[in-house]
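Visitor: The primary structure of each chain is shown beneath.
Number of protein chains: 2
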Amino acid sequence: MKVGFIGLGIMGAPMAEKLIAGGHQLYANTRREVPAALVKQGAIACKTPQQVVDEAEIIFIMVPDTPQVEEVLFGEHGCAKGKLTGKVVVDMSSISPLETKRFAAKVNELGAAYLDAPVSGGEVGAKQGTLTIMVGGDEATFARVKPLLELMGKNITLIGGNGDGQTCKVANQIIVALNIEAVSEALLFASRAGADPAKVREALMGGFASSRILEVHGERMIKRAFSPGFRISLHQKDLNLALQGAKDMSLSLPNTASCQELFNVCAANGAADLDHSALVQALEIMGNHKISS
Amino acid sequence: MKVGFIGLGIMGAPMAEKLIAGGHQLYANTRREVPAALVKQGAIACKTPQQVVDEAEIIFIMVPDTPQVEEVLFGEHGCAKGKLTGKVVVDMSSISPLETKRFAAKVNELGAAYLDAPVSGGEVGAKQGTLTIMVGGDEATFARVKPLLELMGKNITLIGGNGDGQTCKVANQIIVALNIEAVSEALLFASRAGADPAKVREALMGGFASSRILEVHGERMIKRAFSPGFRISLHQKDLNLALQGAKDMSLSLPNTASCQELFNVCAANGAADLDHSALVQALEIMGNHKISS
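Each protein sequence line maps, in turn, to chains A and B.
Here the numbering used here is used: position 68 in the first sequence is 69, and no number is missing along the way.
Here the numbering used here is used: position 92 in the second sequence is 93, and no number is missing along the way.
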């Protein structure tokens with residue numbers, strides 16, 4: 002199949018490679034030059050998103066944030082300028098659920114179907130083709146695109162209509178941030194009170210406090226293993242989507258707001274490019290105590 | 002062995018039964034009358050904690066909070082008035098880690114060993130003998146008492162010295178409360194944005210957001226199954242231990258403080274006796290939106 006891919010960064014490039022490896026003809030575009038490695042594998046470099054749409058049937062987008070998706074779709078040489086009728090736009094970026102509904106409606110008006118399909122699993126998941134993919138859109142379009150998504154991911158769920166995939170991703174990022182914060186407060190309390198945080202983590206792993214975050218990020222905190230992983234600056238972007246969405250919908254998310262403030266404390270202290278488990282450093286600075294094991 | 006048990010409430014009574022069932026002679030005391038069922042099983046009712054200590058070699062305490070433990074230990078007819086030399090006091094209540102260190106030191110001065118051994122697992126765990134037990138004390142005493150603890154629990158961990166068991170329990174309660182709050186914010190955001198919270202929960206279960214709380218309490222929130230379980234009023238007591246301890250140690254626990262406030266919102270709206278997963282109701286009231294599935 003003729004498949005398009007717009008946005009070939011840390012995530013996009015390995016995802017595009019999976020589509021080529023799956024036997025598809027890839028039409029690729031990115032803000033800089035299309036990576037030579039990808040062209041070598043058979044990708045055809047396109048100068049604009051418009052050109053990608055003219056050639057491909059299903060067009061994937063993987064760019065940093067809402068404004069970049071809007072530019073790719075509706076900018077000067079954007080997808081909307083190309084031959085869209087009967088095609089599918091699949092936005093795999095993590096962006097605003099509310100804006101996604103607007104983008105989908107506009108793309109539908111131009112005669113194309115739209116899926117929002119943000120992912121979790123990071124660079125490792127992209128390279129291994131094991132991403133979790135949360136999809137919003139109609140069932141027929143989902144069925145049409147699913148074989149391609151299966152080249153890139155493992156747990157692929159249709160959550161609901163357009164926007165619901167992005168909403169699910171935001172919910173995921175809320176829980177991950179708040180669970181990191183929870184483990185941080187608990188291990189810091191334990192350490193400050195004189196208990197061994199490693200023993201506390203072990204004792205809690207089997208019970209009601211158990212979580213993937215306690216398992217993976219709790220260990221990172223104890224071992225001071227803060228090289229990313231998933232950068233604080235990216236999680237700040239995602240919590241901003243949550244908080245902006247909450248404001249737009251008149252919803253109070255007090256601990257999401259608190260976590261964003263703690264990430265700000267991290268950024269103020271040079272930790273914005275560390276793994277998000279380094280959130281614990283904000284509480285350590287505030288409490289003048291470091292977790293020690 | 003001659004074993005003492007002081008405090009025969011919802012938790013204490015089934016725990017004491019396990020000791021009798023294990024073949025031990027039980028000397029029992031509680032603020033009201035010793036339950037007839039327990040006497041029928043062979044327990045000897047004692048009028049005071051002092052009398053329990055005079056008869057038994059290892060004395061368990063299971064009462065509501067720090068002041069009650071202090072009263073049992075050092076009150077008018079408290080344990081300290083009995084023949085303590087060479088014996089062991091095991092406090093299984095959930096109380097202040099800092100006060101525990103003080104209590105242990107005083108008991109040691111009287112010639113007895115001390116373990117703090119708070120539990121998690123609730124009434125169900127007590128009845129099934131599957132409690133998680135987090136122990137603080139020295140290794141020799143732990144080894145001496147462990148066969149008795151194994152009659153009451155399954156995951157039994159020596160965390161460290163006196164107070165560390167209580168510290169671990171507080172850390173557990175911090176994570177549980179904050180994970181409940183995290184799931185509440187995420188599912189409420191999803192629901193308010195128009196996504197199906199049940200589908201969102203399912204999609205998140207395999208990934209980084211997964212936790213026992215998302216599994217068990219996320220389902221409670223969606224199904225509106227708020228009969229306890231573990232009451233909000235009890236979790237408020239535990240978060241108070243965390244926040245009081247944090248104040249005493251000069252540590253900032255912003256999201257624990259926020260959760261306590263949300264429990265206060267629940268209490269203000271008649272939900273103090275519901276399961277702690279009903280924390281979501283505070284955010285629902287504040288955001289004027291209920292999770293719907």
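There's no promise every hint is true.
Note that identical chains are pooled: a pair holds if it fits in a single copy or bridges any two copies.
As the list claims (entries may be wrong) - Straight line, CA to CA, 30 Å or less: simulated DSS-like cross-link-like pairs of lysine-lysine:
1) Lys-224 - Lys-19
2) Lys-238 - Lys-291
3) Lys-248 - Lys-200
4) Lys-128 - Lys-41
5) Lys-82 - Lys-3
Derived by calculation from the structure, the hints in this document are not laboratory data.
Visitor: All the hints need checking, so say for each whether the structure fits it.
Guide: So, going through the hints one by one against the coordinates:
{"no.": "1", "hint": "Lys-224 - Lys-19", "in the structure": "neither (34 Å within a copy, 40 Å between copies)"}
{"no.": "2", "hint": "Lys-238 - Lys-291", "in the structure": "both (27 Å within a copy, 27 Å between copies)"}
{"no.": "3", "hint": "Lys-248 - Lys-200", "in the structure": "between (40 Å within a copy, 24 Å between copies)"}
{"no.": "4", "hint": "Lys-128 - Lys-41", "in the structure": "within (18 Å within a copy, 66 Å between copies)"}
{"no.": "5", "hint": "Lys-82 - Lys-3", "in the structure": "within (18 Å within a copy, 86 Å between copies)"}
Checked against the numbered hints given earlier, this structure breaks only hint 1.
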